[in-house]
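Enquirer: If you're matching them up, the sequences are chains B and Y in order.
Mapping to this note's numbering: the first sequence position 48 is 456, numbers consecutive.
Mapping to this note's numbering: the second sequence position 34 is 228, numbers consecutive.
If you're looking for bench data, these hints aren't it; they were derived computationally from the structure.
Taking lysine-lysine and the DSBU-like style, the derived pairs with C-alpha atoms no more than 35 Å apart in a straight line are:
1. B/Lys-466 x B/Lys-476
2. B/Lys-445 x Y/Lys-224
3. Y/Lys-224 x B/Lys-476
Computed beta-carbon distance windows for the label pairs:
4. B/Gly-424 x Y/Phe-263: 47 to 57 Å
5. Y/Gly-295 x B/Ala-478: 25 to 35 Å
6. B/Lys-479 x Y/Tyr-294: 12 to 22 Å
7. B/Lys-476 x Y/Thr-305: 33 to 43 Å
8. Y/Val-307 x B/Leu-448: 15 to 25 Å
9. Y/Glu-245 x B/His-415: 32 to 42 Å
10. Y/Arg-209 x B/Leu-521: 39 to 49 Å
11. Y/Glu-245 x B/Ser-436: 27 to 37 Å
We put the beta carbon where it would ideally sit given N, CA and C, even for glycine.
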Amino acid sequence: GENVEQHPSTLSVQEGDSAVIKCTYSDSASNYFPWYKQELGKRPQLIIDIRSNVGEKKDQRIAVTLNKTAKHFSLHITETQPEDSAVYFCAASPAGTASKLTFGTGTRLQVTL
Amino acid sequence: DAGVTQSPTHLIKTRGQHVTLRCSPISGHKSVSWYQQVLGQGPQFIFQYYEKEERGRGNFPDRFSARQFPNYSSELNVNALLLGDSALYLCASSLARGNYGYTFGSGTRLTVV
Chain B
409 GENVEQHPST LSVQEGDSAV IKCTYSDSAS NYFPWYKQEL GKRPQLIIDI
459 RSNVGEKKDQ RIAVTLNKTA KHFSLHITET QPEDSAVYFC AASPAGTASK
509 LTFGTGTRLQ VTL
Chain Y
195 DAGVTQSPTH LIKTRGQHVT LRCSPISGHK SVSWYQQVLG QGPQFIFQYY
245 EKEERGRGNF PDRFSARQFP NYSSELNVNA LLLGDSALYL CASSLARGNY
295 GYTFGSGTRL TVV
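Next comes chain B alone, as it looks inside the complex (with noise of 0.2 Å):
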């Protein structure tokens, strides 16, 4: 089945600085991979996605990044505000019609002023 490792696992920034938070896959066949936003005694919320025919892409200060001959993907936040202080998970899924969710072990993101 399908492994999805992430990186780092913490990660502290200044306010105004980036962040990258990087994922590696095993299975060829996934395809789609979204990144997920959590914060404490909340449910994680889609914030970005991007599916295996695309690059590249960016939404505002966010941007995720593929490599699908290297499996890897990353997720790129640019001046970072206190508010993005959270835990991040990739997730990778295969294509097909009783797809899943395969999530990495998740970033504890701290931005601090």
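The hints should help you fit chain Y onto chain B, whose structure is shown.
Expert: Frame of chain B; chain Y shown alone:
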């Protein structure tokens, strides 16, 4: 429009007992998936249901079962509870069988003592 609603929000059970968790998807969503999130880890896929049929199953024992009703709501049942079943149980709904556009509910926090 209401989001994905789950009940109860919190639950305490004793080892060996049985538990039923409930999920109502977003109106119009026909696919419901269940995930288990142990503290400090990413969510793990348990089941996907679409049009009242099981479409996918994760690596969980037969003590875990689920069903989907004609109104697309769903129940997750866990028998013979173990301490290790303590976790946040998340329900996610989407329009179609595919994985795109998952929306998670706030979850049920189950504690087994």
